[in-house]
Amino acid sequence: MKKKYTVIDTPVHNIDGIAKVTGRAKYTFDVTLPNMLHGKILRSPHPHAKILNIDTSKAEALNGVKAVVTGKDTLGVKQGIWRRYKELCDEEILARSKVRYIGEPVAAVAAVDEDTAEEALDLIEVEYELLQGVFEPLEAIKEGAPQLHEHAERNINVTRHIEWGDVEKGFKKADYVREDWFRCSSQAHVCMETHGAVASFIPEGKLTVWTSTQSHYYIQVLLAGVLDLKENDIRVISRYTGGGFGSKFELDSAQFCSSLLSMKLCKPVKIILTREEEFMATKRRTPMFYYVRAGVKKDGTFLAKEARVFTEGGAYTAMGATALYLTGFFQTFPYVWPSYRYDGYRVYTNTAPTSAMRGFGAPQATFTAETQIDLIADELGIDPIEIRRKNGMYPGYEVPGQAYIQSCGLSQCLDKIEDWVKSRGKLPPNRGIGIAAYGFMSGGIFNWFDTPYAFSSALVQVNIDGKVDLYIGSQDMGQGSNTTMAMICAEELGVHVEDIRLHMGDTDKCPVDLGAWGSRETLMQGNAVKRAAAEAKRQIMEFAVAKMAPNIVYDLDIKDRWVHLIARPERGLSYYDVVKEAIRGKDGQPIIARGHYTPHRKGMISPAYSFGVQAVEAEVEPETGKITLKHCATAHDCGQVINPLGVKGQLEGAIAMAAGYGFTEDLPMDEGKILNPNLVDYKLLRATEMPETEVVEVETYEPEGPFGAKEAGEGLTNPTAGALSNAVYHATGVSIKDLPITPEKVLEALREKNEKKEK
Amino acid sequence: MIRDFNYLRASTVKEALDLLEQHKDDYKIICGGQSLLILMRQGLVAPEYLIDIKNIKGLNTINFDRKNGLRIGATTTHRAVEKSPLIKKHYSVLLDMEENLASIQTRNWGTVGGNLAHGDPAGDPGPVFIALNAAVKMANKERERTLPLEEFFIDYFETALEEGELLLEVQMPIPPPKTATVYEKFNIIKNELGIVSVAASITLDENGLSCKDARVVLGAAAPTPKRAKKAEQMLVGQTLDEKLLDKVSEKASQEADPIADIHATEAYRRSMVKALAGKMVKKAWEQAKTSA
Ligand SMILES: Cc1cc2nc3c(=O)[nH]c(=O)nc-3n(C[C@H](O)[C@H](O)[C@H](O)COP(=O)(O)OP(=O)(O)OC[C@H]3O[C@@H](n4cnc5c(N)ncnc54)[C@H](O)[C@@H]3O)c2cc1C
Chain C
1 MKKKYTVIDT PVHNIDGIAK VTGRAKYTFD VTLPNMLHGK ILRSPHPHAK ILNIDTSKAE
61 ALNGVKAVVT GKDTLGVKQG IWRRYKELCD EEILARSKVR YIGEPVAAVA AVDEDTAEEA
121 LDLIEVEYEL LQGVFEPLEA IKEGAPQLHE HAERNINVTR HIEWGDVEKG FKKADYVRED
181 WFRCSSQAHV CMETHGAVAS FIPEGKLTVW TSTQSHYYIQ VLLAGVLDLK ENDIRVISRY
241 TGGGFGSKFE LDSAQFCSSL LSMKLCKPVK IILTREEEFM ATKRRTPMFY YVRAGVKKDG
301 TFLAKEARVF TEGGAYTAMG ATALYLTGFF QTFPYVWPSY RYDGYRVYTN TAPTSAMRGF
361 GAPQATFTAE TQIDLIADEL GIDPIEIRRK NGMYPGYEVP GQAYIQSCGL SQCLDKIEDW
421 VKSRGKLPPN RGIGIAAYGF MSGGIFNWFD TPYAFSSALV QVNIDGKVDL YIGSQDMGQG
481 SNTTMAMICA EELGVHVEDI RLHMGDTDKC PVDLGAWGSR ETLMQGNAVK RAAAEAKRQI
541 MEFAVAKMAP NIVYDLDIKD RWVHLIARPE RGLSYYDVVK EAIRGKDGQP IIARGHYTPH
601 RKGMISPAYS FGVQAVEAEV EPETGKITLK HCATAHDCGQ VINPLGVKGQ LEGAIAMAAG
661 YGFTEDLPMD EGKILNPNLV DYKLLRATEM PETEVVEVET YEPEGPFGAK EAGEGLTNPT
721 AGALSNAVYH ATGVSIKDLP ITPEKVLEAL REKNEKKEK
Chain L
1 MIRDFNYLRA STVKEALDLL EQHKDDYKII CGGQSLLILM RQGLVAPEYL IDIKNIKGLN
61 TINFDRKNGL RIGATTTHRA VEKSPLIKKH YSVLLDMEEN LASIQTRNWG TVGGNLAHGD
121 PAGDPGPVFI ALNAAVKMAN KERERTLPLE EFFIDYFETA LEEGELLLEV QMPIPPPKTA
181 TVYEKFNIIK NELGIVSVAA SITLDENGLS CKDARVVLGA AAPTPKRAKK AEQMLVGQTL
241 DEKLLDKVSE KASQEADPIA DIHATEAYRR SMVKALAGKM VKKAWEQAKT SA
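Protein chains in written order, with my numbering: chain C, 1 to 759; chain L, 1 to 292.
These are calculated hints, taken from the structure and not from any lab test.
Note that beta-carbon positions come from the ideal geometry of N, C-alpha and C, so glycine has one too.
Wrong hints could be hidden among the right ones.
Here are the simulated distance ranges between beta carbons [said to hold, decoys possible]:
id, chain 1, residue 1, chain 2, residue 2, range
1, L, Lys57, C, Asp55, 52 to 60 Å
2, C, His151, L, Glu158, 50 to 58 Å
3, L, Asp18, C, Glu692, 55 to 63 Å
Next comes chain L alone, as it looks inside the complex (with noise of 0.2 Å):
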């Protein structure tokens, strides 16, 4: 049962700050509501203000420039960024993620920055945003802020964002050149969270012989989207070959931090960051060496 509360609905980002610092005790935000929702329901979360910013002007955006790169508004959704023809054209790793997020029903309401404020470590975006090095806006009542969005998840659930904060935009810079970014994520049932997931973004040389960048994000592997920084850096410098990828996928199950439960032990989960790590370096490395 969901418990009696307080609907309120802002139409400006202004409108919604303030109602955020006005009940700044008890409220929710709700956007499309797909996690939130379930968690109402469950009576995990009872608030007695859920503010809804569904319908806040200016916030359902996707804008590309080749000076900024790509920004996302936060009640952008998953749908809206799937159909949309810039990603396709400069982003395609984001529309092989949202063609496996979910079905079409929760990718027509759900929302990129639900999904990200939700905090959830198996979420798709989190770990493909990191991996394209993207940074996410707040504000509040009396400031903006900037964050990397790998610093914007602090544990299973929670982020970085504060009481009385809303989620503005996602901001993507313009990949470096020689760069590809892949994203596959395992799971048994299509289209459902994964049980592990790996992003991989690979910058080559100008020659495209030798890995001058590289940044690998596991997903559902740690209590957060994480970066496997000690196989990024093992990847740095290097020319690809089988076994540097079976050591960067064996480094890359080290740092995973993993939890057991329902659906697969600790020790599995380990294994498929390992079978997906090289897997996605691969794949990055081979289309980073024939594109721009």
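Chain C on its own, in the form it takes in the complex (with noise of 0.2 Å):
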């Protein structure tokens, strides 16, 4: 069969992999500067306490030091990624007058070095006034519990409502009616490289930032809201982000402290959180209290469902706002459920905030979702396949008042699916096979300042040579972005990836794009980057025209560096001559095109949905509980594949992080004290722990995106909780609703199991 395109769909390197692994690759930790100075933050020791004084006299005095600020010698701005809900904006970053978790900055220091700036902050002397704290959302919620902020009665920091469909009487048709309660835990990014930035403000009053972020914009805009700059005289650079899952698009305290020190001075401040910092203090999954209620009748058909959920906001809003509206949406996905109710609370609590990461709130609607299904399920005696099949959404689907699904393979995806699952013939005994359906929006229709619509935009310039600059938005963080671009960029333009110089992680050059989140990169900059290089090469074609004479100048393409009569490809010119020609002709301007894209009108949450199914084959001991994944097979509908190297990498790295968020990670505290800081006691999942892992190809195009191409980057994080817990479901006999799935638990359950037959 030919090929329908020469670049995409054909696994591609990642275009800075060399430069990774030579460590030539510079992200903000090697970055180092003349005079530059090191710094460290004070953090809260306490949960809940007012700051009646902070004494930085002897820390200053220290040999070595260079500046401590304190809340004191910021501008006193509640700061939040929510420039258009003021209310939603709480966080100071220093804190001046209370401390709200432990962890919560409340002075910096610069110093000559690491060590003395750390000195530094033992001399500091903070005089706390300690109050009472509250923990667990649905202990804070309570009428008289501790309040963390004036303006939020029993704090409630955001409540959601989504509803549609008669409720009330879905339920009374239903034949069958089940009720659960779920818990869904925390979980930490721990991205590769921890947070940090090196700031260097010149007394010209132009500041540029070197950080690790999703997103250069975002910080740029933020630092200015607090800094009282111009957004362009900020200039933030990320060139290379060491891993970021949700935890780098919201101003962090290492940017924001080493802004203000580095202001103070007019000298480069450095600061590198430790791994420490990172977990006490970098934001984490929101831990969820989910009630969900399904009726259905005696077929399987879902007829109502009411879910409401409690989730563990911390002492911020954060992005803690948007997990709380798409875990409610999501908890429907990918179904059609006729009536749904939902009713997020979202508590303050004096833990170290809640926020964005990889899912958004998806995973936790998906395990509680699924697993809730394949109880219903077998309660009716349905094949899980078989009841998801029933339900599954389709294309042309429209949730009533909140988007419309135009590409959908989720019924490819089941069928596939349950080919699979035969094919793994008769399971040896304590062992299961659990499936999981989900979907994922390609990023958000919505955005949090200035507009309220995600926009994306790319710059094209074709050098004389038939080089080709290509200038994004978007942040590379490790997921493949930059390829993606480089990829759709030749395609649309005709030319080898290797054609293409990429210019991004930098505001001073970079046309703007709002970053790397809710799985944005590849539609909305995908779309921009194709826009820029469709009106680059129409520019080139042009040139070509004189010389081929087609009847209009598309019936003129470029493919594989020629330019030739789509009609009769053989007649043609090779690419180079023409632009070379062309420039020439234009007294040496390069040709340069801008391409953009904003979703508007497209539905409250995406333009476009990916879908999948997938399915966990788990082993349980049944003498210790312990639970060995074995295989994983999944069925991902991201419309166009781009680059099939790069959604393998995706769907490994989502198996690793999501397995771990089923089974081990966790974050136990003890009042708001976080009890595993560290990667000894954190457990994070190892190679030896990985199942051996499959993407089932499915073939789907999505009109909306580059080339029909969908999300493939959070979505495939949704589905492994719930596909793990009714793989152990269907070992075991046991259904465990409170993540992580620990052997423990499923021992517990399975003691309970037993004892209940004997009786």
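Join the two chains into one complex using the hints; note that each chain is given alone, in its own frame.
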């Protein structure tokens, strides 16, 4: 079969790969400037306390210390990404009068080296008046609980309501109704590169910040807001980012404190957070208490669903309000529920703030929904695939008032996973296969500031030798979007990936894109890149018209560096020659083209949705409750695949992360203190725990995406916890509704089950 | 942050003992640094002097002979134990243990002496060596002494090593005929410290029918590696059957004295001792039957 494309749909190695593996790639940690100072941040040891006084004199007197800043040195701006919703901007970063979680910054020091800075922290005397703390959302929401913020009675931070259809009627019609309570645990992002920044302010009033971020644009804008500088007097550089997973698109303490200190000293200041700080104070996945009630017909048809969620907000809003909305929205995914009612409450607690993390509320929704669906199917004697097939979303379905689904490969995914499950044959004892179906957004339609809609832009410059400069605003944090953008540009323009020189990660050079969150880059930045490349191509083809005499310019195309007549591809000219002539004819001016994208009028959430089904085969040891992952097969509908290697990489990373969420990772606390803020006690999966993984191919086309592409990023983290819990259920007959599914919980449930049997 | 310290390096045992004596009040011995550096980074240990023994001649050794059995010098790395043909041939349980102990990077640096001296009840070598009836040789400037390893562990992270004393080697006798020793730890992530572990050593009579001697040693199930002596006694003189195994497991779990922490509750640790003890005794028993 002749391939439709010359660049995309072919495995391409990450274009940053060689720089990374040879150590040439400069991360924030590697940035060193002349006269650079080192900063450290003093953090609150108390979960809830008033700051009565901070005495920095001893620290300032220490030899080698250059400056100390506290909340008093700030503008006192309560900041946050919610610039269109002022009341949600509630975090000062350097607390002025009150601390609300252990790890909250109260002062920062710049000194000649790290050791001196750290020594100085010990010399800062903070006088606290301890306040009673509250640590659980279900406690914090009670009348009379200690209140964190003056404006938030009963500590209610945000509420969300979603409703469609007649829920009561739906339940009345139902033959079977079940309700379950679930607890979804927290999770740390554990980026390989911790948060960090090098800030350099010069007397002329310009600030440059090198930092590890998912959005240099957001950091630029947010910094401007707290430093009283114009946005473009701040330059944010983030060429390489060592992982983000949702933890790096808010303004963080390293960025803010290094900037403050640098502005005070007119010298560069570097702050790199330690792993412990990273665990304590860089946000985390939102724990959720979930109540789900579902009503279905005897034949498995879904009728009505009701969900209520209390999320542990931690001390501040962060991005948590979005997680609260998305979890409610994705609770119904990827199914048609004729009626649905959701009420979500985000509750402030004296714990580290919870925020965005890969999946953004959807993994919790998928875990609870998919676990419950298997319990329903079992009760009604329906096959798990069958019940999903019966109720699945389909192309053209409209989620009432919320979203319009264009492409949807769910039924294809179910068919393929059904085949895979059959191919596993009869399983040995204590083994089970669990499946979970899911979907996710390809970028959020919403934006949090400046405009209500998300947007993205790109710039293409074709030089006289045919080489292409591509300027993008998106951020590659390891997910491979740089490679994806270079591929989209090369495909559209008709050149090779090697012809593209990429410019990214620098607010001084790059057109604006909102950054890497909500799985938006492939679709949104991809569309902008594709449009810019198409416009550049059109300009190039204009010059070929004279020589090739087509009827109109659109009878021409460029592929594989060959400008040709579409109808007679052998008739053509070298792309290099055409470009050279064209630019010579323009007195050497390069060919420049812009492209942009905004998902205006595309519903409330996203212009396009990925779909998928994952099957996890697990073994449970009955004596210990220990779970071993054996296999994992995933059929993921991401529309047209741009880079098959990229999808595979995203899938494997997602499984490691999501399986960790499912059965080993957690952030246990005692009165707000995280008990495992290190990589010995925090249980990340390793290669030895990874199951065999398989990508099961499906073919779909998304009209809204570049070349038909959709997301393959966060969506892949949604199914695993649910599939795992279902696998455990099918292996043992016990269903664990409390994440993570530890051996201890499994063993306890097995014991209870056996006791019941004996009775 | 690691506090500043003075770094001293010894190249002979004598030199090391002199340095220990000289800085008696405020030193720490460092060998591979795998355990110590974590504590120093967390600020839990901040010695004035760090005395490095890694390069001492003659302590990085593995010797075996038919008369004295196995001797492992204190500075021998885990990786060297794992790679030793002698150990593979005569003490394969140690190879099994090492292959599941930490990562290769940690095994390349961490040493047998450092592991024991650290006194972590979750360490793997402790229970296995005790099952193999090991003794440790220690010295200070004045004298040398040898102690059964069982008596070496005193409490959480506390051993019999005194100020000024250096651990020199671990000694294991030749196991009696018809003996087998096995070990397993229970963990969620492979090669991490165990939630609990059990080593078992079974010696059968010459006919390979009844148990002549038994050692059942629990790891991470008490403040120190701990022999489940009552469980051991239940085995002596008996022949193998499932009922006996159940009773022995139950007894071992009663003898455990585990803590609760974020990785497991006390009750779960006891259940895991129970699950592992019977399994290990059975496995050792079956291997003993076929051993010389
Ligand atoms: C990530 C990680 C995973 C690990 N996993 C495991 C595991 O699964 N199982 C396991 O058993 N262990 C495990 N360990 C512990 C590891 O085995 C020990 O850290 C190592 O064996 C200690 O040896 P060392 O030479 O590095 O000791 P050091 O760190 O140098 O010293 C440890 C302690 O012993 C003292 N000391 C060292 N040598 C002597 C001596 N000759 N005489 C007197 N005192 C001495 C030191 O003063 C110090 O107090 C792990 C460690 C790490 C870092």
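State the violated hints by number, sorted upward, taking the hints as numbered earlier in the document.
none
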